[in-house]
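Novice: Chain A is already provided as a structure; the job is to place chain B on it using the hints.
Number of protein chains: 2
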Amino acid sequence: MPQIDFFDSIRRELSFSDEEENMMKTLVKPQSRVLGKNEFFLQAGKYCTSVAFITSGTLLYFRENDNADKQVYDVLFEGAWATYIHGLVTRTPSDMNIQALEETHIIEIQQESLEILFEQFPKAERLSRRLTEASFIQIAQRAADLQFLSAEERYAKMMRDEPRLFERVPQYYLASLLGIAPQSLSRIRKDFGRI
Amino acid sequence: MPQIDFFDSIRRELSFSDEEENMMKTLVKPQSRVLGKNEFFLQAGKYCTSVAFITSGTLLYFRENDNADKQVYDVLFEGAWATYIHGLVTRTPSDMNIQALEETHIIEIQQESLEILFEQFPKAERLSRRLTEASFIQIAQRAADLQFLSAEERYAKMMRDEPRLFERVPQYYLASLLGIAPQSLSRIRKDFGRI
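Heads up: the protein sequence lines correspond to chains A and B, in order.
Quick note on numbering: our numbering labels position 115 of the first sequence as 115, and the sequence is numbered without any gaps.
Quick note on numbering: our numbering labels position 58 of the second sequence as 58, and the sequence is numbered without any gaps.
No wet-lab data here; the hints were simulated from the structure.
Pairs count within a copy or across copies, as identical chains cannot be separated in the list.
In silico BS3-like cross-links for lysine-lysine, where the CA-CA straight-line distance does not exceed 30 Å:
hint, residue 1, residue 2
1, Lys123, Lys25
2, Lys46, Lys157
3, Lys123, Lys29
4, Lys157, Lys70
5, Lys70, Lys46
So that you can see chain A by itself, here it is in the shape it has in the complex:
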């Protein structure tokens, strides 16, 4: 299973001295956690009170609609930061589920530790701002693709940009993530297979 180192990943965003890194570790108390297959990182109705860096595994963001169908909003793999920003910011019960699709190893940091960190070590707030900016750029691109690309074009882009999705996520979740019916995905896959 592919693994990504937490501090390697942070160093790529912003440079910290060894001393600063140790200070951060002391302040935020990062906790290693293993989520079993199908275990929830966040369940609808509960509060989101932490952020998690995925060192290995897969997290599925979904809501259930009135027919108990899962609507898939995102899928994150090793190297990504997972949290529900809306829940963190509004401090209201979550309307989103975040579930492990396979055994998933995370490094979890509590929101209250982050706030202490930001107070005492403002440079960490820059890291947080940059990560949020990067997430913004990604989700803005996703909205633009849904707005202006056809389902076929979105599928081709997904194949090109995120092949892990096809290896590690069931078809019906991918259809939902593309915003199309499962039958449409089957048809598109067949058409692509023929080319």
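Specialist: Positioned in the frame of chain A, the structure of chain B alone reads:
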């Protein structure tokens, strides 16, 4: 024309003392600017090097596709912050246009002034992080709507949440913003008129 005060808006996000507010003003040198109708705040091919708070007016975010059709990504009114985050972060020429649809009054802050501000006054970085988080939540909702709502549902939501769009933005831009053809918007409007 409705007007929004810049510092009132900032105070709603985060509380600052008068002294802090004066320090911020000195460091960031906010510039009042008036964009004439059709004037660009940002043009594709140019660099985005500033952020702007809109005190009155309307800004249109668009790209031109290969057929020179305008694809509309966003429309911002008084009270919103306008910038092209992708351009600011990557420091590459913009592939986005931001144009005034009517006379638009902005308070502009240069990126380099912001960086000095963040270095000397870390609390301002918190404001920036919060504004980015708020933008993230908004665009994530937009992506979700495009993914899971029908064109009719998106139209109804737009009417409910942002009536200013229907008063101040031409039909063909609204169709593009909804991700539908202008004829589809005409049909939906007719259907809604009948109810």
